[in-house]
Amino acid sequence: MPLDQQLLEILACPNCHGNVEYIEADQKIYCRGTCGFVYPVRDDIPIMLIDEAEKPQR
Amino acid sequence: MKPMDRKQEIEARFGASADAYAQSPGHRGGPDLDRMVELAAPAPGDDLLDIATGAGNTALAFAPHVRRVVALDMADGMIATTRKRFGEAHLMNADFIVHDAEQLPFEDASFDIVTCRIAPHHFLDVERATHEVFRVLRAGGRYLVEDSAAPRDPTAASFLHDVESRRDATHVRSLTEPEWTALLKRAGFAVAAAEIFPKRHDLEAWLERGGIPEDLKAAIRSDFLAASPAVRRALIVQVDGAHVVSFTDEKVLLKAIRPG
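Quick note, the sequences are listed as chains A and B, same order.
Using this note's numbering, the first residue of the first sequence is number 1, and each one after it goes up by one.
Using this note's numbering, the first residue of the second sequence is number 59, and each one after it goes up by one.
These are calculated hints, taken from the structure and not from any lab test.
Glycine included, C-beta positions come from ideal geometry on N, C-alpha and C.
Take every hint as true, because none was put in to throw you off.
Coverage of chain B stretches by chain A, computed from C-beta distances (three or more under 8 Å per stretch; other residues unrestricted):
1) 131 to 144
2) 148 to 155
When the alpha-carbon atoms are kept at most 16 Å apart in a straight line, the in silico EDC-like pairs for lysine to aspartate or glutamate are as follows:
3) A:K28 / A:D44
4) B:K257 / B:D90
5) B:K257 / B:E235
6) B:K142 / A:D43
7) B:K309 / B:D90
8) B:K142 / A:D44
Negatives, chain A to chain B, calculated, CB over 10 Å:
9) E21
10) Y22
11) Q27
12) Y30
13) R32
14) T34
15) E54
Working from the sequences, and respecting the hints, build out all of it.
Structure, rendered in structure tokens:
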């Protein structure tokens with residue numbers, strides 16, 4: 001089941017407030033703002049906790 | 059406490075007891091929840107966010123009255139329970155997200171109503187959480203918040219904070235009604251209503267929901283029995299022989315508006 005489009009329109013990165021993109025095949029939500037954090041989607045539920053996000057290597 | 063420890067603590071505390079919170083008479087609903095819906099005056103086109111939804115009691119009460127609901131909780135177990143209950147109620151207008159209250163994962167001005175019921179006393183930074191609610195509300199949007207109120211009597215407040223903290227390691231702090239009003243105003247809100255609801259707690263059921271060891275329960279029972287007459291009066295501690303039956307604290311329900 002895909003995530004609701006209306007939800008994706010208001011969803012933002014909790015860390016940098018940047019736009020996010022959901023890639024269903026990955027079951028992940030990617031921050032396209034400044035921080036680039038990646039949030040898991042488990043069982044169609046976005047896990048937006050910053051502590052559980054994958055952080056890009058700098 | 060490190061953030062990850064905190065997350066684990068919350069998950070352990072609430073993930074396992076989701077069903078207890080779904081069933082608890084105090085959390086499931088009552089005159090305070092009815093009044094919250096009434097004060098919010100939900101409209102069929104409204105978008106609503108319920109923060110720290112727990113077992114979803116508040117989100118479920120509002121869902122039939124609004125366009126859509128986003129239910130947020132830090133504990134996966136609570137979110138799973140809430141989603142299941144929405145399915146059982148055949149309510150399809152909800153989305154579920156695992157997250158905390160201090161940094162909301164939404165664009166500015168995304169909601170018409172934000173609700174948060176009997177949860178802010180768990181927040182590590184209630185000031186920041188309140189500013190975040192303001193940010194995600196649209197102009198004219200309503201924030202309905204209800205929480206355990208600290209007694210105005212300082213001795214009773216100190217006693218209650220102590221037993222609450224030992225019963226529940228995730229308890230941070232309850233505010234008094236004037237502290238709530240001041241906090242909301244600092245965040246930019248206009249406070250439209252502040253109402254008090256006495257809430258009687260059966261001591262044994264209250265201890266049971268804490269999920270704490272027997273020796274700690276016994277110590278808290280003894281503390282209630284040994285409390286000063288002033289504290290017993292302020293908390294309406296009811297005793298039957300050597301057995302504490304109940305105590306009563308207050309919930310404060312506030313309606314705050316983001317000015318247009």
